[in-house]
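K.L.:
Okay, here's what each chain looks like letter by letter:
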Amino acid sequence: MIIRLATLNDSYHIQKFISENWKSDHILATNDDFFNYLMCTDKVPNFVIAEENNIIFGVLGFIEYSPDNSSGDVFLALLRALKHPAQKNIGLKLIRFISEHYKQNINVVGVNLNILQYYQFLNFYTGYLHHYFWLNSDSPNFRKYCLEGSKNKNPQHNIYRLNNLQFEPLNNQLVLENKLLVQFQSNAGFKSPTFIYHRYINHPKYKYQLFTLLDEKNKQCGIGVIRLAYPFGTPAIKIIDWIGDIKFLPHFCNFVIFKAIEMNADYVDLYCSGVEDDHIFTSGLSKININTIIPNYLEPLIMKNIDIAFASSTQANPIFFRGDGDQDRPSI
Amino acid sequence: MMQTVIDVICDALNVGTNEEILTIDINDSVDTIKRWDSLVTVSIALAISSKFGLELDIDSLEEMTSVKKIISLVSESHNNKITE
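Order-wise, the sequence lines are chains D and B.
For the first sequence, the numbering used here begins at 1 and goes up steadily by one.
For the second sequence, the numbering used here begins at 1 and goes up steadily by one.
Think of the hints as simulated: they come from the structure by calculation, not from any bench.
Computed from a prediction, not measured in an experiment: that's the story for all the values here.
Treat the hints with caution; some may be incorrect.
Unchecked claim - Below, simulated SDA-like cross-link-like pairs (lysine to any residue); rule was C-alpha separation at most 20 Å, straight line:
no., chain 1, residue 1, chain 2, residue 2
1, D, Lys88, B, Lys69
2, D, Lys88, B, Lys68
3, B, Lys51, D, Asn123
4, D, Lys88, B, Ile58
5, D, Lys16, D, Thr30
6, D, Lys88, B, Asp28
7, B, Lys34, D, Gln87
8, D, Lys83, B, Glu63
9, D, Lys88, B, Leu73
10, D, Lys88, B, Ser43
11, D, Lys23, D, Ile55
12, D, Lys93, B, Thr65
13, B, Lys51, D, Leu122
14, B, Lys34, D, Asn114
To be verified - Calculated Cβ distances over 10 Å to all of chain B for the following chain D residues:
no., residue
15, Ile2
16, Lys23
17, Asp25
18, Tyr125
19, Phe142
20, Leu162
21, His198
22, Lys207
23, Lys219
24, Leu228
25, Thr282
26, Ser286
27, Glu299
28, Pro300
29, Asp307
30, Ile319
Claimed, not checked - Short, incomplete list of chain B residues facing chain D, as computed with Cβ under 10 Å:
no., residue
31, Thr4
32, Asp37
33, Ser38
34, Leu56
35, Glu62
36, Ser66
Glycine included, C-beta positions come from ideal geometry on N, C-alpha and C.
Using the sequences provided together with the hints, build the complete structure.
P.N.:
Given below as structure tokens:
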């Protein structure tokens, strides 16, 4: 059994492996362009593969946040390993290979709960993203998100504007030119301007909206990313990412809630780790509870609250969002 | 120690399954227990490491294919620790 980095010629075989051993209609198996966009650099697939006699027994994908910088974070995605008659723990060996190959932070957001122990065994820190929400009681779909018989209060009327900080739609060019991005980021996967442009602005399937926070002197303090989704035909707002000083995250969430009120969106939700609940609560968001269902899987819609687990090789309390790794992507 | 190791293996085999609770004895192995897969082995390794303060690597996992081998692995590592 050989474990190695994939090369240019492996794309077809990796996609075939995903199709045969995961889902035949998985977008990374059926859509060459999307596979190339998400999982390749210069058409070379970012995968580690385990193979024997030219047969693939396991794959592990990865996404580099700063491909041109050897200290940038690496996020793992798509781990799949088959049973082999003689070789055991192929999945673990794939993770070990990549941990030895890349000396920087190795992170995973959206770890399959069955294999969370793989990461614990390899001494990764593990945990869960917390799920926060604001539900619009004026939406015609309000009751669809409440468990039958539950007494959800009307949260909309408890929302106050945090202050007069200004959020402006972000000019695309500003992202690429933004030198301030470097100072924004601490304790979170560092995202280079090139990466942000690629990940959000240039995304071939999803339309993301980016906003920048300006302080009183018109200085940029952070970038927030949202995406509209339509679980029941009317909009809901998913907060995808916050790149900036974490003290302003509640301000961004609060801004998004008022945007949701304006457009009568069903809800606003946020998945995030590493930030104190009380800090988030000042925005008007609440923590998910047993009376409420805020779906995470919308294609197709699955009305279920979902736990998103993370693992990090170096950080006990990392700040991750649902935009990290390959979490916010179409599946078919 | 032997009984503790057997209890740890038993717990790992019975966590997160709706199947009937399993009891095991010293002669059991991956060949006699259907639900003992590589994930269960990792669970056993994590529990053993925590219980006995051992550091196990991936190569050790390959050895952990039967109750006897796990007892022997724990026993050796434990003795080595005492000698050190």
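K.L.:
Now look at each hint and say whether the structure bears it out.
P.N.:
Hints, one by one, checked against the model:
no.	hint	in the structure
1	D:Lys88 <-> B:Lys69	holds, 16 Å
2	D:Lys88 <-> B:Lys68	holds, 19 Å
3	B:Lys51 <-> D:Asn123	holds, 16 Å
4	D:Lys88 <-> B:Ile58	holds, 9 Å
5	D:Lys16 <-> D:Thr30	holds, 9 Å
6	D:Lys88 <-> B:Asp28	holds, 19 Å
7	B:Lys34 <-> D:Gln87	holds, 18 Å
8	D:Lys83 <-> B:Glu63	holds, 17 Å
9	D:Lys88 <-> B:Leu73	holds, 18 Å
10	D:Lys88 <-> B:Ser43	holds, 15 Å
11	D:Lys23 <-> D:Ile55	holds, 18 Å
12	D:Lys93 <-> B:Thr65	holds, 17 Å
13	B:Lys51 <-> D:Leu122	holds, 17 Å
14	B:Lys34 <-> D:Asn114	holds, 17 Å
15	Ile2	holds, 16 Å
16	Lys23	holds, 21 Å
17	Asp25	holds, 26 Å
18	Tyr125	holds, 14 Å
19	Phe142	holds, 35 Å
20	Leu162	holds, 42 Å
21	His198	holds, 34 Å
22	Lys207	holds, 39 Å
23	Lys219	holds, 48 Å
24	Leu228	holds, 37 Å
25	Thr282	holds, 37 Å
26	Ser286	holds, 30 Å
27	Glu299	holds, 28 Å
28	Pro300	holds, 26 Å
29	Asp307	holds, 14 Å
30	Ile319	holds, 26 Å
31	Thr4	violated, 20 Å
32	Asp37	holds, 8 Å
33	Ser38	holds, 5 Å
34	Leu56	holds, 8 Å
35	Glu62	holds, 6 Å
36	Ser66	violated, 13 Å
Going through the hint list in order, the structure does not satisfy hints 31 and 36.
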